[in-house]
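This note's numbering numbers the first residue of the sequence shown as 13 and each following residue consecutively.
What the hints contain is simulated information worked out from the structure, not anything from laboratory work.
There's no promise every hint is true.
Simulated crosslink set (DSS-like; lysine-lysine; CA at most 30 Å straight-line) [said to hold, decoys possible]:
1. Lys-103 / Lys-87
2. Lys-94 / Lys-260
3. Lys-87 / Lys-194
Just the calculated beta-carbon pair ranges, DEER-fashion [stated by the list, open to error]:
4. Glu-272 / Gly-104: 27 to 33 Å
5. Glu-50 / Gly-322: 43 to 49 Å
6. Leu-24 / Leu-282: 36 to 42 Å
For each residue, glycine too, the CB sits at the ideal point set by N, CA and C.
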Amino acid sequence: MRDDSAALTQSLVISIDAMGGDHGPSVVIPAVARALAEAPTQVCFLLHGDEALLAPRVAQHAGAAGRVIIRHAEKVIGMDEKPAQALRRGKGSSMWNAVESVRAGEAAAAVSAGNTGALMAISKLILRMSADLERPALVVGVPTPRGTTTFLDVGANVDCDAERLVEFAIMGEAYHRAAYGKARPTVALLNVGSEEMKGHQEVREANRVLREGGFELDYRGFVEGDDITRGGIDVVVTDGFTGNVALKAMEGVGRFVVGELRGALSSGPLALAGALLARSALGRFREKMNPPPAAPLLGLNGLVLKVHGGATGRDFAQALRVAVDLAQSGFAGEIERNMRRLPAALAETGPTAADGAH
Numbered sequence: 013m014r015d016d017s018a019a020l021t022q023s024l025v026i027s028i029d030a031m032g033g034d035h036g037p038s039v040v041i042p043a044v045a046r047a048l049a050e051a052p053t054q055v056c057f058l059l060h061g062d063e064a065l066l067a068p069r070v071a072q073h074a075g076a077a078g079r080v081i082i083r084h085a086e087k088v089i090g091m092d093e094k095p096a097q098a099l100r101r102g103k104g105s106s107m108w109n110a111v112e113s114v115r116a117g118e119a120a121a122a123v124s125a126g127n128t129g130a131l132m133a134i135s136k137l138i139l140r141m142s143a144d145l146e147r148p149a150l151v152v153g154v155p156t157p158r159g160t161t162t163f164l165d166v167g168a169n170v171d172c173d174a175e176r177l178v179e180f181a182i183m184g185e186a187y188h189r190a191a192y193g194k195a196r197p198t199v200a201l202l203n204v205g206s207e208e209m210k211g212h213q214e215v216r217e218a219n220r221v222l223r224e225g226g227f228e229l230d231y232r233g234f235v236e237g238d239d240i241t242r243g244g245i246d247v248v249v250t251d252g253f254t255g256n257v258a259l260k261a262m263e264g265v266g267r268f269v270v271g272e273l274r275g276a277l278s279s280g281p282l283a284l285a286g287a288l289l290a291r292s293a294l295g296r297f298r299e300k301m302n303p304p305p306a307a308p309l310l311g312l313n314g315l316v317l318k319v320h321g322g323a324t325g326r327d328f329a330q331a332l333r334v335a336v337d338l339a340q341s342g343f344a345g346e347i348e349r350n351m352r353r354l355p356a357a358l359a360e361t362g363p364t365a366a367d368g369a370h
């Protein structure tokens, strides 16, 4: 299962940090096998990691022949390493090499379940930012009664000014179109209220720029926290601090609801009988309550997806499917077109309203 350059040049290649995450190859290899069964035949997976560990596992899957390539990497970035430390010692690691293959043009996307801060720092260093973007944003799909809400930033940028929020709106809108096929997604800013006078200066200024800047966006103004899961807006934008807190709160509520439901359905013979009768419906409910398997890093000169560290094989396989779909889309070009409008839009905005939330 050694390197095969011909296979790389003739395929849509997804590069994988096979050592990252809480479970490493024990999850990654079964996920790759599952993804291979569903992906088009021209899709190829390039695995970076310990070849002695990976090769025997890959060899167990007959469908991997000719479509899975292993690149040996001596190092692994620890889940507890600080980004600065990962930058200093990361060269030659499975994560670094997975991202480097995107920069070199060998792969269309890189996927890792490893250290989030390290992945963002390494990706930004190797791939650089596209257009005039300053920082990447982490985006997730939140399940709703009407489909999926694209929610960003969920942790890459703790502090954001108005310009960053506008960038996130542009990136999120293009991503939603590519990921979910909606021709004209609706976009809104997360705020403490829907009224225009509410919120801090940065969010009010971003609201004005998005309304007056001439962007090709279906912008709907401010929404509140409960709108993220209601499904009335396709793309909800906020800073990384607020987004990460909101996402973790939603995940916690989801776990609580599933746990309480499991306890109620096992509380007695009648409850257990009802659970057996409703098994398929309960399975669909649990699937919908699961956290998003992957968060693309938007704004880079290349596609990188972060899978959550505790991902199962099913989660990782779903992330690989997302990577294939995004690699075949043109959302990066749409981001660049709207980004050309941003400097003029910022220059055209007037003085901001008085500071402070109401």
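Here's how the hints hold up against the structure:
1. Lys-103 / Lys-87: 8 Å, holds
2. Lys-94 / Lys-260: 21 Å, holds
3. Lys-87 / Lys-194: 41 Å, violated
4. Glu-272 / Gly-104: 27 to 33 Å: 47 Å, violated
5. Glu-50 / Gly-322: 43 to 49 Å: 23 Å, violated
6. Leu-24 / Leu-282: 36 to 42 Å: 52 Å, violated
Of the numbered hints stated above, those contradicted by the structure are hints 3, 4, 5, 6, listed in ascending order.
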